[in-house]
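**Q** Line by line, the protein sequences give chains A and B. Going by numbering that gives the first Met the number 0, 149 is the number at position 150 of the first sequence; the sequence numbering is gapless. Going by numbering that gives the first Met the number 0, 303 is the number at position 304 of the second sequence; the sequence numbering is gapless.
It should be emphasised that the hints constitute simulated quantities derived from the structure, not laboratory data. Everything hinted at is true.
Straight-line distance between alpha carbons at most 25 angstroms, and here's what the computed DSS-like set of lysine-lysine pairs gives:
(1) B:Lys147 <-> B:Lys109
(2) A:Lys27 <-> B:Lys110
(3) B:Lys432 <-> B:Lys305
(4) A:Lys27 <-> B:Lys109
On a predicted model such as this, the values are computed, not experimentally measured, just so you know.
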Amino acid sequence: MRRVLFLLPLLLPVVLPAQHEKTGEESKNPFIGDPKAIEAGRKIFASGCAACHGPEGQGGRGPNLRESVYWHPLDDQTIYSAIRKGIGGNMPAANLSEDQTWQVVAFVRALTAPAIETPLATGDAKAGEGLFWGSAGCSGCHRILGRGGALGPDLSNIGATRALPAIREAILDPDANGARGYRSAEVRLKNGKRLSGVARNYTNYSVQLQDRDGNMHLISMQDVSEWHIGKTSPMPKDYKQRLSRQDIDNLLAYLSRQSVREVTPEKKTTE
Amino acid sequence: MRAMPLFLTLASLAGAQVRFEEIRKGPAENWLTYAGDYQGTRHSALRQITTENARSLVPKWVYHMPKANGLRTCPLVYDGIMYVTDSNVIRALDARTGRLIWEFKDTRSKKEGANRGAALLGDRVFFVTADIHLVALDRRNGALLWEKKYGNVEDGMFASAAPLVVKDRVIVGVANGDNGMRGYVSALSASTGEELWRTYTVPKRGEPGSETWGNYIEYGGGATWLSGTYDPELNLLYWTTGNPWPDFYGGDRGGDNLYTCSLLALDADTGKMKWYFQFTPHDTHDWDAQAWPVLVDLPYEGRPRKLVLHANRNGFLYVLDRVTGEYLRSSKIVDLLDWAKGIDDKGRPVRVPGKDPTPNGNRICPSVRGATNWMSPTFDPATGWLYVVTLEQCDIYASSSKAPEPKKNFSGGGAGPKPADVGQFFLRAFDPKTGERKWEYPMTGPGESWAGTVSTAGGVVFFGDDDGQLVAVDARTGKHLWHFQMGEGLTASPMTYAAGGRQYVAIASATAIFSFGLFEPQTSVPVPASQ
Numbered sequence: 000m001r002r003v004l005f006l007l008p009l010l011l012p013v014v015l016p017a018q019h020e021k022t023g024e025e026s027k028n029p030f031i032g033d034p035k036a037i038e039a040g041r042k043i044f045a046s047g048c049a050a051c052h053g054p055e056g057q058g059g060r061g062p063n064l065r066e067s068v069y070w071h072p073l074d075d076q077t078i079y080s081a082i083r084k085g086i087g088g089n090m091p092a093a094n095l096s097e098d099q100t101w102q103v104v105a106f107v108r109a110l111t112a113p114a115i116e117t118p119l120a121t122g123d124a125k126a127g128e129g130l131f132w133g134s135a136g137c138s139g140c141h142r143i144l145g146r147g148g149a150l151g152p153d154l155s156n157i158g159a160t161r162a163l164p165a166i167r168e169a170i171l172d173p174d175a176n177g178a179r180g181y182r183s184a185e186v187r188l189k190n191g192k193r194l195s196g197v198a199r200n201y202t203n204y205s206v207q208l209q210d211r212d213g214n215m216h217l218i219s220m221q222d223v224s225e226w227h228i229g230k231t232s233p234m235p236k237d238y239k240q241r242l243s244r245q246d247i248d249n250l251l252a253y254l255s256r257q258s259v260r261e262v263t264p265e266k267k268t269t270e
Numbered sequence: 000m001r002a003m004p005l006f007l008t009l010a011s012l013a014g015a016q017v018r019f020e021e022i023r024k025g026p027a028e029n030w031l032t033y034a035g036d037y038q039g040t041r042h043s044a045l046r047q048i049t050t051e052n053a054r055s056l057v058p059k060w061v062y063h064m065p066k067a068n069g070l071r072t073c074p075l076v077y078d079g080i081m082y083v084t085d086s087n088v089i090r091a092l093d094a095r096t097g098r099l100i101w102e103f104k105d106t107r108s109k110k111e112g113a114n115r116g117a118a119l120l121g122d123r124v125f126f127v128t129a130d131i132h133l134v135a136l137d138r139r140n141g142a143l144l145w146e147k148k149y150g151n152v153e154d155g156m157f158a159s160a161a162p163l164v165v166k167d168r169v170i171v172g173v174a175n176g177d178n179g180m181r182g183y184v185s186a187l188s189a190s191t192g193e194e195l196w197r198t199y200t201v202p203k204r205g206e207p208g209s210e211t212w213g214n215y216i217e218y219g220g221g222a223t224w225l226s227g228t229y230d231p232e233l234n235l236l237y238w239t240t241g242n243p244w245p246d247f248y249g250g251d252r253g254g255d256n257l258y259t260c261s262l263l264a265l266d267a268d269t270g271k272m273k274w275y276f277q278f279t280p281h282d283t284h285d286w287d288a289q290a291w292p293v294l295v296d297l298p299y300e301g302r303p304r305k306l307v308l309h310a311n312r313n314g315f316l317y318v319l320d321r322v323t324g325e326y327l328r329s330s331k332i333v334d335l336l337d338w339a340k341g342i343d344d345k346g347r348p349v350r351v352p353g354k355d356p357t358p359n360g361n362r363i364c365p366s367v368r369g370a371t372n373w374m375s376p377t378f379d380p381a382t383g384w385l386y387v388v389t390l391e392q393c394d395i396y397a398s399s400s401k402a403p404e405p406k407k408n409f410s411g412g413g414a415g416p417k418p419a420d421v422g423q424f425f426l427r428a429f430d431p432k433t434g435e436r437k438w439e440y441p442m443t444g445p446g447e448s449w450a451g452t453v454s455t456a457g458g459v460v461f462f463g464d465d466d467g468q469l470v471a472v473d474a475r476t477g478k479h480l481w482h483f484q485m486g487e488g489l490t491a492s493p494m495t496y497a498a499g500g501r502q503y504v505a506i507a508s509a510t511a512i513f514s515f516g517l518f519e520p521q522t523s524v525p526v527p528a529s530q
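Next comes chain B alone, as it looks inside the complex (with noise of 0.2 angstroms):
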């Protein structure tokens, strides 16, 4: 097994803080945001495991979270201990062993509901009560520190991203733009909880962008119901917005709908939007945009320029500008796709007539699932390869006449795939400077995977696949070199980290954390001297 440093498996955590600077370098041993990094990448510069070895992976321990029923976290890591959450619950596991240290529940949470994970910061643990409430909690040994709710559960909203910690506060979002509500992102401070800003994805009547819209504007959605990304140095945030309310039924909102479907540069000190940039313009699909914008910089057309790498759920990869949101390029990353003849030059749509919900159903391609989703992608800059877990699907869209009514679940239709036309997914390999696809891996199932990827230093690219399997690839190739069954349909992204001088790859089941490591025949533990 190749040597690593030894991470110390005895170390006191006395004094270890979890340093914004140490979040910027990007994820080791330590997995210290939801994406593990802040440009969204999810690549890891650990290379125990490589291509050779990666068929000696095998379980190390696994932990089933009580009561658990579709797991979203994405772990996280810092010193040997594994943060994961579920609704109102964040579970401390020892990243060795899998063995629970602490749990902390809240019990007075008014909702239920998925939960994506936590964010890190100094001797601090962070995450999202369902009823819209910032917790913070001694990392070490789950000592409540403050709760602060940042929204109303009335106004129709909830909460299940992940935070993201950025230099001194806490980023947080809303989320169930589908039942009519207004949505924002927040900062926090990470000190009290105290709110510092708060931008609304979608204009009061009135404001610059309110234009774009008809009727409902109150209750437009706009969503963030999943974390963004943040480029230090141009201190921005970037934070995608979920679709118009009601979803398929556009006609009382003539217009764009301004800030929905939107990819929107902040800020991170005041919240204030540098600039927007709106996949989906009017959408009646359901298409937020919550996939992740990965930061990237990359030659485009002769220099290098900083960008942001963008699939989207209506089936187009874009690449903008990040510094400007200039558009540059987009491409198919499905062939099922028949709602948009392609992106004009100013990243509009070219939409293709009749490709709107009707009341007696419509198919249209790509499913309300999206083309991707908020699957986590990877970027491997090895390779300059984005990999994309992308699904084939096409979907009977139906609108309703209904009067929309807000926070009553109504959505304006619905979608779905007739049985006998269900989807397939595929992890695709695209080169973003061409567009190109590389290679596609196949998978098998149901067609109801929400699961990622992440990539190694070690060539290795994992995914969670269609059939409750964790699959490892050659990254280059997309040659399969191992797999796990996990039992249950998965809806959560693997990850990696590593203790006591070990790499382990560890996913959300959908009720259990998985732990896999290379092959090592145990020791034998000696009887205990004493109990």
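For reference, chain A alone in the conformation it holds in the complex (with noise of 0.2 angstroms):
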């Protein structure tokens, strides 16, 4: 298998931004972007919270807290009201001090929000640099404003664009999110000629087909003699196993902080 990193399959519906747009000045909360608060935050989702929701907000028996047709709708006094209140007879109410409940608010934000606006990222930006051009072989196919290869989704905004835990799960499970824009696609045309790449789009009578050199392909099905689009990316399934808990912080470190503009994270500390 090709030793490279095929990152963020998804061509994510425009939901995050909405979200960074509905985030932000007017929350009470006074442990937004507070690293310490967030971490205690975590430790209580995790004791508490977890066990329907999934340690990362993924989901479970309760709602997928990271999709937008939950949190969309909700700014942080609602959270919070859940959290206190419980929701009628499916989420108990817990049992927590208003400190507590904030610092789970904030957690569950940071779930949702840029990357590059959170502190959740504890990894070494420097090492996870030198993953990036190097050893995990990302930049085979990806590419940050204009350098790396051009299969895979372009990273040079990733940070102001995704949420942390959206960025792991893209690096540990590709498909996660079905992968489109970014299936493996290969087209074989009447004339004989192959294609390979990825579908950035395709319908029964057309394909849009990418290859690795970033070129697109603008195909009738009327020339295509057989075509097999697959339902996962061409990223390697194996980076679980192949780079360790920390390689995988540093990573996503350095991921976080990709942002085409200047962005300070928005820190207040409640010492």
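Both chains are given apart, each in its own frame, so use the hints to dock them into the complex.
**A** Encoded structure:
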């Protein structure tokens, strides 16, 4: 198998930006962006909430807190109230202090806020940069500001557009979200030519195939004799085994800083 | 169907580069600038769609732009890929199918706002964010190359114009002259985004031209919210400027208020102003000069001249020498025009007294929307005529005596029609040599269109009408050939391109991109061999 990292197989619907627009200034939460509070919130969440919502809010018996359908309409106050009071007969009220509740809210917010805005990434960004451009092989397929490969999604702005858990998931389980926009594609044309790469889009009648060099091939299915578009991306699926936990944290720290605009993480401290 | 050179439907785009020389050639298969060409003629060499077969046009595809509301974009097309923009977002579509290929959205823009389109050079596509950043992307796959800020929203501005690529640079402007700001045109390096020159449209206090202002020169306006045109031989950019601020109250800014409501001829290498021509000195009607300066070479008084044609919001069609800026002639483009008796031999309006906004409101023609506006005109070299969307309307103009406050959305008054006095749009064909109105096509509708035109070598003029329809007429006679109802108001101009050997006509409606082509029975697509 090619030793390349193929990250973020999705063209996610434009929900994260909406989240960014929704979050921020109006919150009364004193702990938004506060690393210590978020860590405290994570611990509370792990012991009390993760059983249903998953350790990173990915869902289980309870809803996925990172999906827009659940979090998009919710402001901090609503999440706070849901934790304190519970939701009908489905979710019990939590027995937490006011500060503890706000800490959990800060953690939930950090799960969905663009990675560069949150202090969730604890790794060494410099080491992560080395991995990205070196041994992990990410740059074989991914590009940052014009450098790197062209088969996979451009990561120039990834920290500004995706939440850290989403980036982590894309590395460890690249097809978790269906790989839409980056599914492996092999096409044989009636003139005998073969093309391979990823399907940026396709229907029964046309495919927009991007090859390994980043070139776009706009193909009518009338001209195709055979085609195969997989349900997964070409990204290797074994990074969980191949990279250590520390490597992954380092990679995440590097990727979470990728923003075309300078962003100062919103940091408040309670000290 | 008339044969066209076969477009390579399966062409790999490796190495395909948009070259400056290619942009100079003007539109055929590709449509490479907002106006299609550097001259602003919006005339395409495509001739597959003709006056004979235009009646067989059908929609080929529709792409609904997510969250769009009032699209201003004019699509660009290169090698079968279409580029369309909206507020802080650019998308690439398969021009034959309308399928989305990629999108880039700048989620951190501090503003939302209308966007008029993109620019192409080499393997790059450029567009501006509402908060005044130029973004460069790999045009093939949307990979980000850089973003460069070239203005501050804190100064009361935003950006909306399609950039114009000239040689190795990208020319950009700024918007919001109604808010109290100082307009400028900038040239940024297409490689790095570095600003190479900046030319302000309102002088600093003490500079030449500042004597034409009273107070508020620092916020004088002169926004540059529409792309310009370019003469490669003269190496001159032709860029229009917006209204002086406050729009409707001129009491504190006595004088001509240079260089607002003007056409500027700028050296493309240095930004130096070679000449200017002010259409509406000391404007109090919000008559920005943002309409297209169309560059044509025509005989004038017996000898060939390099001309610039400009149908202005103030109701006159101007013909200038584009080498020197010399005023040559003008003529009315609307009948409802009462603020000026005419234009004198120097090109200045001869004003009718009492036609300024008043605290109680004053009925003045044309309306604040103008006799025309930024909706694109087209010039067809086969007829030699300029086709202009015109609005016959008068407004009640009111002025405010409130002390002007910059950056607070204060414009010194306002204007609008009485409900029973809304206007009517006409597409009109003018002979620029004489000013004669050759024909007109009346439209129905609410008087709210911003849609323009495109002409083709097939002898067809397409325009968006005031009732949400794309209409095709015969360029020589104005005779209706075809129309299609898109179901919503139009705020953009049509263009035409070819892909896969077939000509298309595309236009953005309020929320979607429509593409039309000649009817062909479909061929059954086999069941996929493999999925």
